[in-house]
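Participant: Following the hints, complete the assembly by docking chain B onto the known chain A.
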Amino acid sequence: MPPMSEHEAPNRPRSKTDLFLSFTWLALQGFGGVLAVVQRVLVEEKRWMTREQFVEDWAVAQIMPGPNVVNLSLMIGGRYFGLAGALAGVAGMLAAPLVVALLLAIAFGGVSDAAWAQGALRGMGAVSAGLIAAVGLKLIGALKTNPMGMPVCIGLAVLSFVGVGVMRWPLAWVLLGTGLLGCGWAYVQLARQVTAKEQA
Amino acid sequence: MNPVLTLTAADWLGMFQHFASLSLLAVGGAITTAPDMHRYLVDETRWLSDSQFTSSIALAQAAPGPNILFVALMGWNVGLNAAASLGGGWHSAALGAWGVLVAMLGIMLPSSILTYTATRWAHQHRERLAIRAFKSGMAPIVIALLLATAWLLTVSHNQPARDWPIYALTLLTTLIVWRTKVHMLWLIGIGALLGALGWV
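Here the protein sequences come in this chain order: A and B.
Plus 803 on top of the position in the first sequence (first one is 1) and you've got the working numbering.
Plus 8 on top of the position in the second sequence (first one is 1) and you've got the working numbering.
Because the hints were derived from the structure by calculation, they are not lab data.
Even for Gly, the Cβ is constructed at its ideal location relative to N, Cα and C.
Some hints could be false.
Covered, in the sense of this in silico footprint (three residues per stretch, anywhere, with C-beta under 8 Å from a C-beta of chain A), are these stretches of chain B [what the hints assert, rightly or not]:
| no. | region |
| --- | --- |
| 1 | 63-71 |
| 2 | 138-145 |
| 3 | 149-159 |
| 4 | 191-201 |
BS3-like mimics (lysine-lysine), calculated; alpha carbons at most 25 Å apart, straight line [what the hints assert, rightly or not]:
| no. | chain 1 | residue 1 | chain 2 | residue 2 |
| --- | --- | --- | --- | --- |
| 5 | B | Lys189 | A | Lys849 |
| 6 | B | Lys189 | A | Lys947 |
| 7 | A | Lys849 | A | Lys819 |
Chain A with its partners taken away, still in its complex shape (with noise of 0.2 Å):
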């Protein structure tokens, strides 16, 4: 009985050196968080990952503690070539952009107070908002074949948004809360799924 989420991506990264050279040209085009670049590269450019994979290892990798995409690119190498592949994946997305950012300390480091350079970044971090927010919507498709079904998922998605963006409440807390409800639900509608195609 294969689970649901195991649609099987269609493609894989051919080795190590693929899988570091992937994410090292992921991580150099990821201004201001490099989360949109990697939905897009590993999902719709290289289909290494289902969307629904993607939503999935991104909460694994944002409830764990760590820098997000980090703990992303660690899983995804540990899963196809194990301790080997998720050093990889790390190192592909630090090193080349650690370099670059080295480069610009040495080069800028008293720029940054400079009003084109406050004004520059104020532009990309509105930019870079956007690109988070495309990404949100573009996975909200992925909630078709939740267990829970699209109004649940809706009414917790709803939820987590309030209480985090319009009543600030600390994070830890909105994920206890709704983080619960929702694995209980759908703890509750996976049991009920199983022993129905048992009794079938």
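Facilitator: Positioned in the frame of chain A, the structure of chain B alone reads:
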């Protein structure tokens, strides 16, 4: 003025421990622990000047790659300050690199080990009802968190009369990325340009 430091092995160990202790607390991104880093590095030990601290965060945001690299830049600057007492020169590069290593290992090792082991275990038991319920139950919540992040970034600009171009830029980016395949680097570049010219 940047501090001129003489750091002992115990000091470096202290910095490693501080970052390592924050690593497991960084749920929802390492940037949430930045206030505690400021308390330690600027207020208590005085290893970094205020402007070095702020520019580390600003530069990491402007550079491509995961935002966690702001920790690397803080380590780099602590190394530079420590090298200043030795006359700078090649000491700067060596101690700067050493600072990057100490800071990044500290912030990444504990959370990465935890994430790697936990997700390996979860992947081996992915057919279990509880694991499937966790992934399904969290999916709508993490999607809502993405939208909330974008929302919070946008409303942090809170003067509509002045900030409406920022709102418009974010909204436009969201629609373009959601509905088209336009390369994200173009959008980031346009955002930076509009900002540098003072139009947003």
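Participant: Can you tell me if the region 63-71 of chain B counts as covered by chain A, using C-beta to C-beta distances under 8 Å and a minimum of three residues?
Facilitator: holds (count 8)
Participant: For the region 138-145 of chain B, count the residues whose Cβ lies under 8 Å from any Cβ of chain A; is that count three or more?
Facilitator: holds (count 7)
Participant: Can you confirm whether the C-alpha distance between Lys189(B) and Lys947(A) stays at or below 25 Å?
Facilitator: holds, 23 Å
Participant: Does Lys819(A) lie within 25 Å of Lys849(A) when you go C-alpha to C-alpha?
Facilitator: Distance of about 15 Å is within 25 Å: holds.
Participant: Between Lys189(B) and Lys849(A), is the straight-line Cα distance small enough, at 25 Å or below?
Facilitator: Judged against 25 Å, a Cα distance of about 14 Å means the pair holds.
Participant: Would you check chain A against the region 191-201 of chain B, counting CB to CB pairs closer than 8 Å, and say if three or more residues qualify?
Facilitator: Since three or more residues must qualify, the claim that chain A covers the region 191-201 of chain B holds, with 8 doing so at under 8 Å.
Participant: Per the coverage rule (Cβ-Cβ under 8 Å, at least three residues), is the region 149-159 of chain B covered by chain A?
Facilitator: Holds: 11 residues of the region 149-159 of chain B have a Cβ under 8 Å from chain A.
In summary, this structure violates none of the numbered hints.
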